[in-house]
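Keeping their order, the protein sequence lines are chains A and B. Per numbering that gives the first Met the number 0, the first sequence starts with residue 0, numbered consecutively. Per numbering that gives the first Met the number 0, the second sequence starts with residue 0, numbered consecutively.
Errors might be hidden in some of the hints.
[Unchecked claim] Below, a sample of chain B positions facing chain A; criterion: calculated Cβ distance under 7 Å:
#	residue
1	W163
2	T193
3	A194
4	K198
5	N205
6	L207
7	A208
8	A212
9	A213
10	R241
Because the hints were derived from the structure by calculation, they are not lab data. Glycine is no exception: its CB is placed at the ideal position from the N, C-alpha and C atoms.
As a plain string of letters, each chain reads:
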Amino acid sequence: MRPPISVSDKAEIPVSDTSPPLVEMTGVTKNYSGITALDRVDFTIRAGEAVCLAGENGSGKSTLIKILAGVEPRNAGTVAFNGTRHETLSPRISADAGVMVIFQDFSLFPNLTVAENIAFSSQLAHSGAFYRGGLSRDLAKKTLERVGVDIPLNARVEQLPVAHKQLVAICRALAMDARLIIMDEPTTALTEREVKSLLTIIRRLKSDGVAVLFVSHKLAEVLEVCEKVVVLRNGAKVAEGPATDFDSASLTRAMTGRDVAETPPDPLDPSAPALLEVTNLAKQGVFDDVSFTLRQGEVLGIAGLLGSGRTELAKALFGLIHPDKGEIRLKDRPVPLGDPLRAADAGIGYVPEDRLTEGLFLDQSIARNVAVGRLDTHDKGAMLDLKGLWAEANDWLKRLTVKHSDPEAPVRSLSGGNQQRVVLARWLATGPKVLILNGPSVGVDVGSKSDIHGIIRDLAREGLGVIVISDDLPELLATCHRLLVMKGGRITDEIAGRDTDETDLGHRLAS
Amino acid sequence: MNTLLSRLKTPEGRLAVIAVLVFVLMASLSPERFLSAANLTSMAFQFPEFAILALAVTVTMLTGGIDLSVVGVSNMSAVVAALILANVAGPELAGSGAVMWLLLSMVVAIAIGAAAGLFNGALVAFIGMPPILATLGSGLIFTGIAVAITGGSAVMGFPTAAAWLGNGKVFSVPVPLILFAVLALAVAFIVRRTAFGLKLVMFGANPLAARFAAVDVNRLLLKVYMLSGALAAISGLLVMSRANSAKADYGSSYLLLSILIAVLGGVNPYGGYGKVVGVVLAVLSMQFLSSGLNMLQVSNFARELIWGVLLIFVMLVNSQQVAALFARRRMS
Numbered sequence: 000m001r002p003p004i005s006v007s008d009k010a011e012i013p014v015s016d017t018s019p020p021l022v023e024m025t026g027v028t029k030n031y032s033g034i035t036a037l038d039r040v041d042f043t044i045r046a047g048e049a050v051c052l053a054g055e056n057g058s059g060k061s062t063l064i065k066i067l068a069g070v071e072p073r074n075a076g077t078v079a080f081n082g083t084r085h086e087t088l089s090p091r092i093s094a095d096a097g098v099m100v101i102f103q104d105f106s107l108f109p110n111l112t113v114a115e116n117i118a119f120s121s122q123l124a125h126s127g128a129f130y131r132g133g134l135s136r137d138l139a140k141k142t143l144e145r146v147g148v149d150i151p152l153n154a155r156v157e158q159l160p161v162a163h164k165q166l167v168a169i170c171r172a173l174a175m176d177a178r179l180i181i182m183d184e185p186t187t188a189l190t191e192r193e194v195k196s197l198l199t200i201i202r203r204l205k206s207d208g209v210a211v212l213f214v215s216h217k218l219a220e221v222l223e224v225c226e227k228v229v230v231l232r233n234g235a236k237v238a239e240g241p242a243t244d245f246d247s248a249s250l251t252r253a254m255t256g257r258d259v260a261e262t263p264p265d266p267l268d269p270s271a272p273a274l275l276e277v278t279n280l281a282k283q284g285v286f287d288d289v290s291f292t293l294r295q296g297e298v299l300g301i302a303g304l305l306g307s308g309r310t311e312l313a314k315a316l317f318g319l320i321h322p323d324k325g326e327i328r329l330k331d332r333p334v335p336l337g338d339p340l341r342a343a344d345a346g347i348g349y350v351p352e353d354r355l356t357e358g359l360f361l362d363q364s365i366a367r368n369v370a371v372g373r374l375d376t377h378d379k380g381a382m383l384d385l386k387g388l389w390a391e392a393n394d395w396l397k398r399l400t401v402k403h404s405d406p407e408a409p410v411r412s413l414s415g416g417n418q419q420r421v422v423l424a425r426w427l428a429t430g431p432k433v434l435i436l437n438g439p440s441v442g443v444d445v446g447s448k449s450d451i452h453g454i455i456r457d458l459a460r461e462g463l464g465v466i467v468i469s470d471d472l473p474e475l476l477a478t479c480h481r482l483l484v485m486k487g488g489r490i491t492d493e494i495a496g497r498d499t500d501e502t503d504l505g506h507r508l509a510s
Numbered sequence: 000m001n002t003l004l005s006r007l008k009t010p011e012g013r014l015a016v017i018a019v020l021v022f023v024l025m026a027s028l029s030p031e032r033f034l035s036a037a038n039l040t041s042m043a044f045q046f047p048e049f050a051i052l053a054l055a056v057t058v059t060m061l062t063g064g065i066d067l068s069v070v071g072v073s074n075m076s077a078v079v080a081a082l083i084l085a086n087v088a089g090p091e092l093a094g095s096g097a098v099m100w101l102l103l104s105m106v107v108a109i110a111i112g113a114a115a116g117l118f119n120g121a122l123v124a125f126i127g128m129p130p131i132l133a134t135l136g137s138g139l140i141f142t143g144i145a146v147a148i149t150g151g152s153a154v155m156g157f158p159t160a161a162a163w164l165g166n167g168k169v170f171s172v173p174v175p176l177i178l179f180a181v182l183a184l185a186v187a188f189i190v191r192r193t194a195f196g197l198k199l200v201m202f203g204a205n206p207l208a209a210r211f212a213a214v215d216v217n218r219l220l221l222k223v224y225m226l227s228g229a230l231a232a233i234s235g236l237l238v239m240s241r242a243n244s245a246k247a248d249y250g251s252s253y254l255l256l257s258i259l260i261a262v263l264g265g266v267n268p269y270g271g272y273g274k275v276v277g278v279v280l281a282v283l284s285m286q287f288l289s290s291g292l293n294m295l296q297v298s299n300f301a302r303e304l305i306w307g308v309l310l311i312f313v314m315l316v317n318s319q320q321v322a323a324l325f326a327r328r329r330m331s
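Starting from the given sequences, assemble the full structure and let the hints guide the process.
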């Protein structure tokens with residue numbers, strides 16, 4: 000299913016074959032304090048070529064980008080731009096070679112206009128000591144025309160929709176004479192139509208001789224414009240081949256190293272009573288009119304694109320965001336809004352999205368990270384019952400099979416999967432009635448991921464109500480009885496987990 | 000042997016070595032004076048004042064904050080206590096009446112210290128002000144209040160019983176030393192063995208995660224700054240008793256000194272790590288150094304310079320960058 004335009008790309012390839020590749024990496028290795036993030040990876044990309052770099056979280060994708068961008072030094076291997084080898088790289092060298100990275104957050108200046116954002120960096124790099132507004136506008140206009148899109152030059156970037164912000168970031172890269180544009184997770188916040196128009200632009204760039212590297216853990220959408228797919232797993236290159244050889248399933252198999260066929264959850268007892276009732280919850284500009292019921296023993300999934308309001312809703316349920324109106328009732332008793340302490344008292348637990356900054360006290364011990372939720376319970380008058388506290392923490396570490404050598408070791412020393420279990424243990428120790436899991440398996444290896452899914456199923460079987468928020472659709476399908484789709488801050492769809500599949504769900508999310 | 004070596008690698012272990020080295024150095028430079036009973040006793044009377052302030056700074060630093068108002072709080076509380084002793088009790092009062100008024104003035108001073116801490120804590124917890132600015136401002140306010148109450152002059156004329164706190168001895172152990180020992184043990188106990196203490200350290204390690212773990216962050220901050228204020232007030236009472244007077248601008252050099260001691264004692268200024276034993280060792284090192292410099296007749300200005308250099312030096316040694324630099328050297 001190749002688009003017709005790729006014929007012209009193919010015509011170009013023999014020409015560029017004679018010239019040295021734009022980027023050639025051989026045997027690139029990177030170690031972070033004993034952990035091998037990249038293990039002897041070879042990688043090439045040529046002018047006008049589009050390549051998919053696929054891999055799960057923690058597979059080494061971002062390390063590879065950082066090395067290319069000159070942000071991180073490599074420990075071994077060679078990197079050559081246009082046939083010139085560079086012993087050490089710096090952001091400057093990479094930028095001069097035309098390697099531009101567009102990160103997921105685009106790194107734009109929200110308070111500046113489109114024209115200023117596009118032209119700012121190139122003006123800083125090329126012109127003298129003074130900023131010249133007229134030149135900026137010309138350059139911005141030319142670049143937008145080159146991409147073939149029409150965005151008002153004077154609009155402030157913060158007021159643009161996500162898809163347009165992304166285009167502004169692409170234009171900025173082009174204004175800096177980009178020859179390779181690296182796009183980190185380019186489609187996570189885009190609807191289907193926006194992805195289509197992005198692909199049209201990518202084709203235009205390719206025929207212009209610009210190379211594009213897509214970096215993502217869901218790449219099925221961009222496969223059609225790519226010549227080549229490279230798959231990383233645990234820092235090593237495990238697959239490479241023409242894009243036509245891959246489909247969604249084979250890509251997943253290459254990324255995870257096994258066929259992920261998880262069983263959907265047991266059907267829910269139809270007589271299970273309602274546990275958590277949310278009515279008309281609203282927060283201006285974030286989410287609106289959210290109502291749903293979670294039953295005892297039910298796993299409810301909330302699916303939505305980045306920026307759909309899914310994380311904000313979860314935070315509001317746990318009191319970290321104060322909703323403007325609406326009601327949350329747990330077992331028929333109102334839960335006070337906007338106060339995490341009272342939400343926790345009522346029996347709501349929240350496992351946050353960003354484990355490293357929101358979930359864990361990285362330098363503190365494993366045991367303390369579990370015990371922090373139970374300090375008040377073990378407070379016996381003036382003194383803390385330390386024995387009881389540590390015994391309980393260790394018991395939970397054992398129950399969730401956290402692999403550790405010493406509960407006194409800093410939690411930083413654990414792997415992602417074990418760290419996530421520590422956060423889970425902290426909440427389970429408090430005996431919650433409802434557990435909200437935001438991205439339960441982000442940055443977790445495949446084995447731990449299915450273990451965590453198993454834990455979720457067990458908790459539901461024990462009568463907990465679980466809410467899973469994730470952009471990993473197979474994860475939602477593997478764990479949830481029922482799915483809510485969020486779009487623009489509203490719940491737009493509700494489906495039983497058994498009545499849908501990945502394609503259908505993806506379509507409902509992004510259409 | 001191994002455990003001894005590994006202990007030497009901790010900040011507290013290094014500090015113990017430093018304390019011993021400074022002691023030996025000063026003792027060998029001027030043995031007859033430094034090791035004299037008079038000097039040793041005089042040191043034991045001197046350091047508890049700023050050592051208790053260092054404990055106050057330590058508890059706030061454990062949360063990743065700081066309390067720059069400790070000297071202001073200590074003077075404000077001392078001035079009020081002094082006014083009670085001088086004007087209400089009067090210099091002639093003796094016997095159980097004087098002891099009663101002394102106790103009452105102490106309770107009032109500590110309550111004022113805690114209230115001042117509550118104000119600091121409220122600025123940090125509810126308004127979200129950075130502790131360094133909140134307490135810088137409030138410290139000036141507290142000093143200003145002390146000036147306003149006294150008109151800037153010293154308050155004098157206490158019952159003789161008031162001198163016991165700063166100058167007395169129990170079984171030939173100086174009272175200030177006993178007071179410091181009790182408070183140091185109490186703070187160590189609070190930090191290590193109470194829910195409040197553990198929360199304090201966890202909050203310091205990652206305030207955001209503490210909020211996500213449903214720790215009662217606001218109440219925690221209020222209590223921390225109240226504790227700091229109460230400790231500062233006790234230090235103020237010691238100064239008052241030893242000087243036999245109270246004034247709005249006593250002990251202004253103690254602020255830098257107490258921060259220096261906390262940092263030297265291995266308390267992480269970004270929060271989340273610190274041990275009282277380290278602070279005690281740092282106090283001893285500083286007192287040995289200070290007495291020694293005194294005996295060598297080093298000027299006061301030079302001493303402040305030495306403290307400043309020491310503070311930067313300790314931060315340098317403890318900083319990640321320097322550690323990384325040394326690690327890289329060793330590798331290559």
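Hint check: 7 Å Cβ-Cβ cutoff, A208/B to chain A
holds, 5 Å
Hinted contact L207/B with chain A - closest CB pair below 7 Å
holds, 6 Å
Interface hint check: A194/B, Cβ to nearest Cβ on chain A, cutoff 7 Å. Holds or violated?
For A194/B, the interface hint holds, since the closest Cβ of chain A sits about 4 Å away, which is under 7 Å.
Under 7 Å is the threshold here; is the Cβ of K198/B close enough to any Cβ of chain A for the hint to stand?
It holds, given that the least Cβ distance between K198/B and chain A is near 6 Å, below 7 Å.
Interface hint compliance - A212/B to chain A, C-beta minimum distance less than 7 Å
holds, 5 Å
Minimum beta-carbon distance criterion (7 Å), A213/B to chain A:
Holds. Min distance 4 Å.
Please verify that hint: R241/B, Cβ, nearest Cβ of chain A, below 7 Å or not.
violated, 31 Å
Hinted contact N205/B with chain A - closest CB pair below 7 Å:
holds, 5 Å
W163/B as an interface hint toward chain A, with CB separation required under 7 Å:
With a minimum Cβ separation of about 29 Å from chain A (threshold 7 Å), the hint on W163/B is violated.
Restraint check, 7 Å cut-off on beta carbons, for T193/B near chain A
Hint holds; T193/B Cβ to chain A Cβ min 5 Å, cut 7 Å.
Of the numbered hints stated above, those contradicted by the structure are hints 1, 10, listed in ascending order.
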